[in-house]
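Participant: Protein sequence lines, in the order shown, are assigned to chains A and B. So for the first sequence, my numbering puts the first residue at 1; every next one is plus one. So for the second sequence, my numbering puts the first residue at 1; every next one is plus one.
Everything labelled a hint here was simulated from the structure, so no lab data went into it. It cannot be assumed that every hint is accurate.
Dumping the calculated DMTMM-like pairs for lysine to aspartate or glutamate here, alpha-carbon to alpha-carbon at most 25 Å [claimed, not checked]: (1) B:K233 with B:E39; (2) A:K76 with B:D121; (3) A:K167 with B:E83; (4) A:K172 with B:D113; (5) A:K172 with B:E39; (6) A:K33 with A:D54; (7) B:K80 with A:D54; (8) B:K26 with B:D9; (9) A:K79 with A:D66; (10) A:K79 with A:E140; (11) B:K80 with A:D145; (12) A:K79 with B:E232; (13) A:K3 with A:E30; (14) A:K172 with B:D121; (15) A:K65 with A:E130; (16) A:K79 with B:D121; (17) A:K167 with A:E36; (18) A:K172 with B:E90.
These figures come from a predicted structure and were not determined experimentally.
Residues per chain are reported as follows:
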Amino acid sequence: MTKIKFATVWLAGCSGCHMSFLDMDEWLIELAKYVEVVYSPVGCDLKEYPEGVDVCLVEGGVANKDNLELIRLVRKRTKTLISFGDCAVTANVPAMRNMLGGSAPVLRRGYLELADETPQLPYAPGIVPELLDRVLPVHEVVPVDIYMPGCPPDAHRIQATIEPLLKGERPKMEGRDMIKFG
Amino acid sequence: MSVRTLTIDGQPVAAIEGATILEAAKEGGIHIPTLCFLEGVSAVAACRMCLVEVEGINKLLPACVTKVSEEMVVHTNTPKLQEYRRMVIELLFSEGNHVCSICVANGNCELQDLAIEVGMDHTRFPYRFPDRGIDVSHPQFGIDHNRCILCTRCVRVCDEIEGAHVWDVAQRGAAAYIVSGLNQPWGEVEACTSCGKCVDACPTGAIFRKGTTTSEKARDRAKLEFLVNAREKHEWTR
Chain A
1 MTKIKFATVW LAGCSGCHMS FLDMDEWLIE LAKYVEVVYS PVGCDLKEYP
51 EGVDVCLVEG GVANKDNLEL IRLVRKRTKT LISFGDCAVT ANVPAMRNML
101 GGSAPVLRRG YLELADETPQ LPYAPGIVPE LLDRVLPVHE VVPVDIYMPG
151 CPPDAHRIQA TIEPLLKGER PKMEGRDMIK FG
Chain B
1 MSVRTLTIDG QPVAAIEGAT ILEAAKEGGI HIPTLCFLEG VSAVAACRMC
51 LVEVEGINKL LPACVTKVSE EMVVHTNTPK LQEYRRMVIE LLFSEGNHVC
101 SICVANGNCE LQDLAIEVGM DHTRFPYRFP DRGIDVSHPQ FGIDHNRCIL
151 CTRCVRVCDE IEGAHVWDVA QRGAAAYIVS GLNQPWGEVE ACTSCGKCVD
201 ACPTGAIFRK GTTTSEKARD RAKLEFLVNA REKHEWTR
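Please construct the entire structure, taking both the sequences and the accompanying hints into account.
Facilitator: What follows is the structure in structure tokens.
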């Protein structure tokens with residue numbers, strides 16, 4: 001049996017969705033029978049997002065140039081892209097900075113106005129990725145195939161989303177158990 | 001009082017003359033989703049969730065304010081209505097700043113419940129991220145305009161049940177917001193009796209009791225019902 005090429009990526013989120021993924025406990029062993037983890041902050045050491053990925057869970061909104069570059073690559077190289085959790089689906093808490101209106105006021109607020117000592121703006125091209133003006137939900141940047149809301153989606157919801165995909169079926173994203181935000 | 005007979009979703013329903021489609025449907029056990037509607041205060045048809053199709057009329061009508069008529073044929077759950085209701089909820093989410101995960105009403109929010117009911121797994125409209133304020137000048141309560149959907153339940157409950165008329169709506173369109181007094185900080189409005197009925201009426205986490213944190217908001221909706229029944233039906237016990 002050819003294994004499903006499975007990936008997870010972590011953009012602007014708290015990693016809670018990935019923690020919730022690990023919370024699937026022994027079902028992860030079951031999952032490992034069907035999938036080969038080809039890229040993931042919690043399941044693989046590869047640094048380059050590979051070609052020909054079948055399913056990818058995307059945690060987090062798109063907040064900086066690094067996120068933007070990665071999500072475009074992920075979309076290009078992935079068959080089924082799943083917006084994984086509220087930050088991916090709505091931009092959620094990271095997007096609360098959008099209310100300040102742009103990256104400059106956000107940096108000013110964080111690094112100058114609230115600084116205790118040596119206030120200075122971070123500037124290290126090629127090392128520290130530049131902030132985008134707004135944090136965006138994934139589907140405002142690239143097309144998304146399945147939306148899995150939740151902050152975080154609990155292990156049961158993650159399993160119920162992935163399990164049908166292993167059989168080539170689409171999960172039914174409806175009802176409180178599957179699509180409640182928060 | 002004469003009776004009107006009509007058909008709702010293929011089911012014959014009898015209603016008293018002057019009743020609304022929403023009341024007739026409820027009587028017939030047919031569920032029509034509502035959001036701004038609140039039992040006991042006047043209906044304003046602000047949210048458009050209860051829109052229904054009436055045969056022979058080529059526009060959608062809000063069930064909460066449309067009166068029944070003889071031989072009316074009503075459809076409450078067509079694919080067109082399902083799509084419009086989902087769009088209404090998506091628009092509400094993208095209009096304000098609704099961050100469920102950190103909201104006092106998470107798990108106890110009518111907007112969140114409706115999102116589930118209409119099958120909203122994401123919003124197709126770009127988020128506006130408006131710059132809205134929070135007023136915590138009142139000693140007991142706060143209002144977070146980010147979470148407000150302008151249903152005006154607070155306005156109506158304060159005016160019609162408490163009789164204080166602390167709340168109103170200022171500005172128009174996307175700039176509209178709820179004001180207390182003459183656009184004063186809530187804590188400075190002498191008319192406010194601190195009764196908390198607006199907290200109980202608010203469908204989201206916009207109006208809350210101070211000290212409540214994420215997912216902790218509770219509402220005593222039965223209190224509003226009791227007051228209305230006491231006044232209208234003279235039922236004095238709870």
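Participant: Would you check the hint for K80 of chain B and D145 of chain A, treating anything up to 25 Å between C-alpha atoms as holding?
Facilitator: holds (23 Å)
Participant: Keeping to a limit of 25 Å between CA atoms, is the pair of K172 of chain A and D113 of chain B held or broken?
Facilitator: holds (18 Å)
Participant: Regarding the pair K26 of chain B and D9 of chain B, is the alpha-carbon distance no greater than 25 Å?
Facilitator: Holds, at roughly 12 Å.
Participant: Would you mind confirming whether the straight-line C-alpha gap from K79 of chain A to D121 of chain B stays at or under 25 Å?
Facilitator: holds (20 Å)
Participant: Given the hint that K233 of chain B pairs with E39 of chain B, test it: the Cα-Cα distance must not exceed 25 Å.
Facilitator: Between K233 of chain B and E39 of chain B the Cα gap is close to 14 Å, so the pair holds against 25 Å.
Participant: Taking 25 Å as the top limit, are the C-alpha atoms of K76 of chain A and D121 of chain B close enough?
Facilitator: Distance of about 23 Å is within 25 Å: holds.
Participant: Please work out if K79 of chain A and E232 of chain B have their alpha carbons no farther apart than 25 Å.
Facilitator: violated (61 Å)
Participant: Can you confirm whether the C-alpha distance between K172 of chain A and E39 of chain B stays at or below 25 Å?
Facilitator: violated (34 Å)
Participant: Assess, step by step, whether the Cα of K79 of chain A is no farther than 25 Å from the Cα of D66 of chain A, and give holds or violated.
Facilitator: holds (21 Å)
Participant: Does K3 of chain A pair with E30 of chain A here, judged by a C-alpha cut-off of 25 Å?
Facilitator: Holds - the C-alpha atoms of E30 of chain A and K3 of chain A are around 13 Å apart, at most 25 Å.
Participant: Within a Cα-Cα threshold of 25 Å, do K172 of chain A and D121 of chain B meet the stated pairing?
Facilitator: Given pair K172 of chain A, D121 of chain B holds - Cα atoms ~11 Å apart, limit 25 Å.
Participant: Take a quick look at whether K167 of chain A and E36 of chain A sit within 25 Å of each other, Cα to Cα.
Facilitator: holds (15 Å)
Violated hints for the displayed structure, listed by number in ascending order: 3, 5, 7, 12.
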